[in-house]
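K.L.:
Got chain X sorted already, so can you dock chain R onto it with the hints?
Number of protein chains: 2
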Amino acid sequence: MLTLFKYNWQVRDEWFDWCGQVPFEELIRTRIGGVGSILHTLFHVVDAEGSWIGALAGKPDPKPNFEDYMNVDKLRNLSHAFRDEVKPFLAHWTSALEDKTISVDWNPGDVFTYGEVARHVIAHEIHHVGQLSVWSRELGLQPVSANLIGRNL
Amino acid sequence: MLTLFKYNWQVRDEWFDWCGQVPFEELIRTRIGGVGSILHTLFHVVDAEGSWIGALAGKPDPKPNFEDYMNVDKLRNLSHAFRDEVKPFLAHWTSALEDKTISVDWNPGDVFTYGEVARHVIAHEIHHVGQLSVWSRELGLQPVSANLIGRNL
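If you read the sequences in order, they're chains X and R.
In terms of my numbering, the first sequence opens at residue 9 and continues consecutively.
In terms of my numbering, the second sequence opens at residue 9 and continues consecutively.
The set of hints was computed from the structure by calculation and includes no laboratory data.
Honestly, I wouldn't trust all of these hints.
[To be verified] Selected chain R positions facing chain X (Cβ under 8 Å, derived; list incomplete):
(1) Val-43
(2) Gly-44
(3) Val-152
(4) Asn-155
[Said to hold, decoys possible] According to the in silico footprint, chain R covers these stretches of chain X (three or more CB under 8 Å from chain R):
(5) 44 to 53
(6) 114 to 126
[What the hints assert, rightly or not] Simulated DEER-style distance windows between Cβ atoms:
(7) R/Lys-95 <-> X/Pro-70: 37 to 45 Å
(8) X/Asp-113 <-> R/Phe-74: 43 to 51 Å
(9) R/Ala-89 <-> X/Met-9: 26 to 34 Å
(10) X/Gly-158 <-> R/Pro-68: 32 to 40 Å
(11) X/Leu-10 <-> R/Ile-110: 16 to 24 Å
(12) R/Gly-28 <-> X/Lys-71: 23 to 31 Å
C-beta: ideal position from N, C-alpha, C; glycine also.
Just chain X, same shape as in the assembly (with noise of 0.2 Å):
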């Protein structure tokens, strides 16, 4: 389970850079699809994986705001802070997890398994790095590549 994690890990890290040669009124522009802008999907996807990931760590949900965000170095920081506290149960992931339930604030009424959980993390941030490449190419920008063969992960 962590390999997948390890990945998008590396590869939002990947984007923090790519973020460096462009103007941040380009990462804040509302762009079609995703959650609107670079900056807010890459915000989106840190969110996302701290407060599903922490929930099944037993952790409260830290919802931060994305205006207090709008800056690459601050959003990077906080995917690392993110990342740290929820490195560990995931290292320590076994399959006895995998059909232990949950219910979420944000999911009123549902149960899902600890197992669909971390895959609908996993799949949400590869779907939104998606929607990030093509909007490198718009920019006439080379996006950062999405292979996970190569990355001795």
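P.N.:
Using the frame of chain X, we list chain R on its own:
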């Protein structure tokens, strides 16, 4: 391992259904990012899974040509045929396969583990589907849901 493939197969079938509402010329129109068009991107994920997972399962590379599958029904049939070929192998995936290694014609000189190849193929499709979602919004259409939760996988 199988769950994320089942997710991709379900989402992919929903994208084939989604194509039914879109004029053919929009499906093959060259777009920014991805493999260049909606239909070619769908062909590409089918082709990549057939090649990579087929290789892990010890099958020859099928090497289909896009020109022969520029039709949603034909491509859906190819997708189902390839899935039927690789599903038994994935259904019997065990941790013993994780570190087994393979080399493939299309990445000469590289050696990959089965574990990284399987996850590469999973991430590859989810990433490209994220691109489809942007193009769908550009067409004014609701994209297929990328949610993994709630699919009973």
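K.L.:
How does the coverage statement for the stretch 44 to 53 of chain X fare against chain R, requiring three or more residues with Cβ below 8 Å from a Cβ of that chain?
P.N.:
violated (count 0)
K.L.:
Okay, X/Gly-158 versus R/Pro-68 on CB: inside 32 to 40 Å?
P.N.:
Cβ of X/Gly-158 to Cβ of R/Pro-68: about 24 Å, so the range 32 to 40 Å is violated.
K.L.:
Looking only at beta-carbon atoms, does the pair R/Lys-95, X/Pro-70 fall within the given range of 37 to 45 Å?
P.N.:
39 Å, holds
K.L.:
CB of R/Ala-89 to CB of X/Met-9, is that within 26 to 34 Å?
P.N.:
30 Å, holds
K.L.:
Taking the Cβ atom of R/Gly-28 and the Cβ atom of X/Lys-71, is their distance within the range 23 to 31 Å?
P.N.:
The hinted range 23 to 31 Å is violated for R/Gly-28 and X/Lys-71, with Cβ atoms some 40 Å apart.
K.L.:
Using the beta carbons of X/Leu-10 and R/Ile-110, state whether their distance is inside 16 to 24 Å or not.
P.N.:
22 Å, holds
K.L.:
Under 8 Å, Cβ to Cβ, is where R/Val-152 needs to be relative to chain X, so tell me if that hint holds or is violated.
P.N.:
Given a least distance of 10 Å, the restraint on R/Val-152 is violated.
K.L.:
Range first: 43 to 51 Å. Now tell me if the beta carbons of X/Asp-113 and R/Phe-74 are that far apart.
P.N.:
46 Å, holds
K.L.:
So, R/Val-43 near chain X? Judge it on the closest CB pair being under 8 Å.
P.N.:
Violated, because the Cβ-Cβ distance from R/Val-43 to chain X comes to roughly 11 Å (cut-off 8 Å).
K.L.:
Less than 8 Å between beta-carbons is the criterion; does R/Asn-155 satisfy it with respect to chain X?
P.N.:
7 Å, holds
K.L.:
Are there three or more residues in the stretch 114 to 126 of chain X whose C-beta lies within less than 8 Å of some C-beta in chain R?
P.N.:
Since three or more residues must qualify, the claim that chain R covers the stretch 114 to 126 of chain X holds, with 6 doing so at under 8 Å.
K.L.:
Is the interface hint for R/Gly-44 satisfied, with its Cβ closer than 8 Å to some Cβ of chain X?
P.N.:
10 Å, violated
Violated hints, listed in ascending order, are 1, 2, 3, 5, 10 and 12; each of the other numbered hints is respected by the structure.
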